[in-house]
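**Student:** Sequence:
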Amino acid sequence: MYRKELETMDPRFRVFGSLFSLVTRLEVMGNSQDFLGELTTKQWYLLIHLITFFREPPTLSALAAEMDTSHQNAKAIALKLQEKGYLELVKDKKDKRTLRVIPDKTKIEAYEAEMGGENNAFVDKFLSALSSEELEIFDRALVKLMEMAEDIRKEQMIK
37 MYRKELETMD PRFRVFGSLF SLVTRLEVMG NSQDFLGELT TKQWYLLIHL
87 ITFFREPPTL SALAAEMDTS HQNAKAIALK LQEKGYLELV KDKKDKRTLR
137 VIPDKTKIEA YEAEMGGENN AFVDKFLSAL SSEELEIFDR ALVKLMEMAE
187 DIRKEQMIK
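Under my numbering, the residue at position 116 of the sequence shown is numbered 152, and the numbers go up by one with no gaps.
None of these hints come from the bench; they were simulated from the model. Errors might be hidden in some of the hints.
To be verified - The following label-pair restraints were derived from C-beta to C-beta distances: (1) 89 / 150: 19 to 25 Å; (2) 116 / 164: 30 to 36 Å; (3) 88 / 63: 34 to 40 Å; (4) 50 / 164: 19 to 25 Å; (5) 170 / 41: 23 to 29 Å; (6) 128 / 89: 28 to 34 Å; (7) 169 / 118: 41 to 47 Å; (8) 145 / 51: 25 to 31 Å; (9) 134 / 40: 49 to 55 Å; (10) 173 / 129: 43 to 49 Å.
What the hints assert, rightly or not - Here are the simulated DSS-like pairs of lysine-lysine, each with C-alpha atoms no more than 30 Å apart in a straight line: (11) 127 / 78; (12) 120 / 180; (13) 111 / 40.
In this text, a Cβ means the ideal position worked out from N, Cα and C, and glycines have one as well.
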């Protein structure tokens, strides 16, 4: 669905707009039962961060920061995952105001056993549009854009 008008558009704005369009398309596909089963893309994203970047149960705030989202948004997603049995939110032993996010590794492993192959197949198919060289270039470009977004956020003091 590449419209003719896009060909004459300033490439900066075409790329910027395409990033939003791509995220929306991926989220819609990801939210279908066929793709992630009972999880939404945001729930899947939280679990990926939880099991990939933390050796010990993180605070909800630390998890939200790692996900680049607000505490409130992370809490809403985590509460849904808690209802589904993927994690538990518990008060920290030292600071009762702080919530810790404890993954249910058995439930997550069962999900991975059921859906992991399909998820991997989707990623492989989606990224097969790029050659290995293009994938490396795209990866480096995304890192640069993420770093620039962080710089702008700090510069403009955006939370």
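**Student:** It remains to establish, for every hint, whether it holds in the given structure.
**Tutor:** Hints and how they fare:
Residue 89 and residue 150 have their C-beta atoms about 23 Å apart, which keeps the hinted 19 to 25 Å range intact. Between residue 116 and residue 164 the beta carbons are some 32 Å apart, a value that agrees with the proposed interval 30 to 36 Å. Look at residue 88 against residue 63: about 20 Å separates their beta carbons, and that is not inside 34 to 40 Å. At roughly 23 Å, the beta-carbon separation of residue 50 and residue 164 lies within the given 19 to 25 Å, and the hint holds.
In this structure the supplied range 23 to 29 Å holds for residue 170 paired with residue 41, their Cβ-Cβ distance being about 25 Å. With their beta carbons about 19 Å apart, residue 128 and residue 89 fall outside the hinted range of 28 to 34 Å. A beta carbon spacing of about 43 Å between residue 169 and residue 118 agrees with the range 41 to 47 Å that was offered as a hint. Checking the proposed 25 to 31 Å range against residue 145 and residue 51 shows it is violated: the Cβ atoms sit about 38 Å from each other.
Checked against the given bound of 49 to 55 Å, the beta carbons of residue 134 and residue 40, roughly 54 Å apart, stay inside it. Taking the beta carbon of each, residue 173 and residue 129 are about 47 Å apart, inside 43 to 49 Å as hinted. Proposed proximity of residue 127 and residue 78 is supported: the alpha carbons are some 23 Å apart, at most 30 Å. Only pairs whose Cα atoms come within 30 Å are accepted, and residue 120 paired with residue 180 is rejected, the gap being roughly 36 Å.
Taking the CA atoms of residue 111 and residue 40, the gap is about 42 Å. The hint is violated against a cut of 30 Å.
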